[in-house]
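Based on the hints, put chain G in the right spot on chain E.
Residue strings, one per chain:
There are 2 protein chains.
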Amino acid sequence: MVRLFAMPPENSPDSNLISSPPRTRRKIRVAEKSALLTRAKLIDAALETILAVGYYRASSNEIARRAEVSWGAVQHHFGSRERLMYAAFEAACTEVTAVLKAARVTGDTVEERLLSVQDVVFGFFGKASYVGILQVMWNLTSDPDTSDELHGSLRAIVAQIYDEYVRLMLQVSPDASTEFAWFSYMASWGLAVAAASGKVLRYADDLEESNLLQRRLLSKALSALLSESTRTAPAGAALIESSKS
Amino acid sequence: MVRLFAMPPENSPDSNLISSPPRTRRKIRVAEKSALLTRAKLIDAALETILAVGYYRASSNEIARRAEVSWGAVQHHFGSRERLMYAAFEAACTEVTAVLKAARVTGDTVEERLLSVQDVVFGFFGKASYVGILQVMWNLTSDPDTSDELHGSLRAIVAQIYDEYVRLMLQVSPDASTEFAWFSYMASWGLAVAAASGKVLRYADDLEESNLLQRRLLSKALSALLSESTRTAPAGAALIESSKS
Chain E
1 MVRLFAMPPE NSPDSNLISS PPRTRRKIRV AEKSALLTRA KLIDAALETI LAVGYYRASS
61 NEIARRAEVS WGAVQHHFGS RERLMYAAFE AACTEVTAVL KAARVTGDTV EERLLSVQDV
121 VFGFFGKASY VGILQVMWNL TSDPDTSDEL HGSLRAIVAQ IYDEYVRLML QVSPDASTEF
181 AWFSYMASWG LAVAAASGKV LRYADDLEES NLLQRRLLSK ALSALLSEST RTAPAGAALI
241 ESSKS
Chain G
1 MVRLFAMPPE NSPDSNLISS PPRTRRKIRV AEKSALLTRA KLIDAALETI LAVGYYRASS
61 NEIARRAEVS WGAVQHHFGS RERLMYAAFE AACTEVTAVL KAARVTGDTV EERLLSVQDV
121 VFGFFGKASY VGILQVMWNL TSDPDTSDEL HGSLRAIVAQ IYDEYVRLML QVSPDASTEF
181 AWFSYMASWG LAVAAASGKV LRYADDLEES NLLQRRLLSK ALSALLSEST RTAPAGAALI
241 ESSKS
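First to last, the sequence lines map onto chains E and G. FYI, in the numbering used here the residues of the first sequence are 1 to 245. FYI, in the numbering used here the residues of the second sequence are 1 to 245.
For reference, chain E alone in the conformation it holds in the complex:
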């Protein structure tokens, strides 16, 4: 069984460095820098390879070849193809969490604010590379060799993205219920994945334009749904601005 997330050894390289002579220290730092660069190259190449040749053909060898690193680099730096894939998934999720954290909800109406949130969400889930991320997620979940620890980490990362989304949704409207936020997230996610899939399948040339129209229609539909569900308490609508503080 592949053990993902093995803990680092208790004597970390940093604590050992303290007693090393300066020359050795510099050498080790250079080696560490080079290792980080190789890891980053492999993480980038993993998603690129999936998109270029499909998930099935994205073997460790093929990824290393495209990353222009040595044949054994995946094994050396990650331990296994699965662990490299997880690292690529984690890097992408960390990025989107940061983007959502930094996002500003703009617009005078609920519909405009919904669109501003969707634009952010779409910027991640609507990219062709998300089709690769989805496959990593599904494959790691189904893989019998995936450890319980990894299953837990996968869920935690996904939950973190959703928490950031909810924070934005409360800026769209303080009337947004948990039910509405969840539905809105699923619908926006789904529409973005449809767009990402359309990019991979290269169905149309005017995808960007079509995707923007789709986001506008969803914002309109969600706004209508929200105003219908809060029609009994219209006073709440006036509180939208105050929730931003």
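Do not rely on the hints blindly, as some may be mistaken.
Note that identical chains are pooled: a pair holds if it fits in a single copy or bridges any two copies.
Claimed, not checked - Cross-link-like lysine to aspartate or glutamate pairs, in silico, EDC-like; alpha carbons within 20 angstroms at most: (1) Lys220 with Asp175; (2) Lys220 with Glu179; (3) Lys199 with Asp143; (4) Lys220 with Glu111; (5) Lys127 with Glu90; (6) Lys220 with Glu208; (7) Lys41 with Glu90; (8) Lys199 with Asp148; (9) Lys33 with Glu209; (10) Lys127 with Asp143; (11) Lys41 with Glu68; (12) Lys127 with Asp44; (13) Lys27 with Glu48; (14) Lys33 with Glu228; (15) Lys199 with Asp119; (16) Lys127 with Glu48; (17) Lys220 with Asp108.
Note that these hints are calculated values from the structure, not bench results.
Coordinates of chain G only, in the frame set by chain E:
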């Protein structure tokens, strides 16, 4: 290069059979039946294997093992793993096209009719096995060995499903524009894929209940969007029944 969709030889087995003695004919028929059964087993096993161990580990050998057929059966009956995967994709699409063709749109209001269509769409795109079908589609599209002919067939099958959806949408409301039908399809597809993905990731125990609520909310949102877009021509709403004939 793998040639998918090679044409059958001009002298088909059936035409040869006419001059065969009765005994040989029966033998060949038994052999044909057995071949069909093996093909069907492999097609079923392909999606099951993807769900059980992930797309990457769903090799020809693993699929044959789970189908309980001989090691070389994939090569013998399909020529390649890719062609088996395409056959599984085609079988699933043929099934959903038939289901959509046979579907009846029911309900007194646009919202109810939208829900009845979504229930049908969801019955296919919302199944965990659709996550496998999606991966087949994405992988065959990205695979450099996929022939142009296959790319064309993939698109044609997907277009057929959408044509059936549009037919149902016109039964929901004759006011449904091309734009609305496309948006409604993408949104329903996306929500169903979100549900299918949730099943694979096993995020919650009460998925069925949650998914029904999501479909209800989408029907409500789409209905609000449609009535808003046709508000300028309310007379059209009365024509809903007449379009069904």
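Verification of the hints:
1. Lys220 with Asp175: Classified as both; 16 angstroms inside a copy, 18 angstroms across copies.
2. Lys220 with Glu179: both (18 angstroms within a copy, 14 angstroms between copies)
3. Lys199 with Asp143: between (27 angstroms within a copy, 15 angstroms between copies)
4. Lys220 with Glu111: both (6 angstroms within a copy, 16 angstroms between copies)
5. Lys127 with Glu90: For Lys127 and Glu90, only the intra-copy Cα distance (16 angstroms) is at most 20 angstroms; the inter-copy one is 26 angstroms.
6. Lys220 with Glu208: within (19 angstroms within a copy, 27 angstroms between copies)
7. Lys41 with Glu90: within (15 angstroms within a copy, 37 angstroms between copies)
8. Lys199 with Asp148: Classified as between: cross-chain Cα gap 18 angstroms, same-chain 33 angstroms, threshold 20 angstroms.
9. Lys33 with Glu209: neither (42 angstroms within a copy, 50 angstroms between copies)
10. Lys127 with Asp143: Answer is between; shortest inter-copy Cα gap is 19 angstroms, intra-copy 25 angstroms.
11. Lys41 with Glu68: Within. Shortest intra-copy distance 8 angstroms satisfies the 20 angstroms Cα cut-off; inter-copy 41 angstroms does not.
12. Lys127 with Asp44: For Lys127 and Asp44, only the intra-copy Cα distance (15 angstroms) is at most 20 angstroms; the inter-copy one is 31 angstroms.
13. Lys27 with Glu48: Intra 32 angstroms, inter 51 angstroms, cutoff 20 angstroms: neither.
14. Lys33 with Glu228: neither (56 angstroms within a copy, 58 angstroms between copies)
15. Lys199 with Asp119: within (17 angstroms within a copy, 27 angstroms between copies)
16. Lys127 with Glu48: For Lys127 and Glu48, the Cα distance is within 20 angstroms only inside one copy (12 angstroms; across copies 28 angstroms).
17. Lys220 with Asp108: within (14 angstroms within a copy, 24 angstroms between copies)
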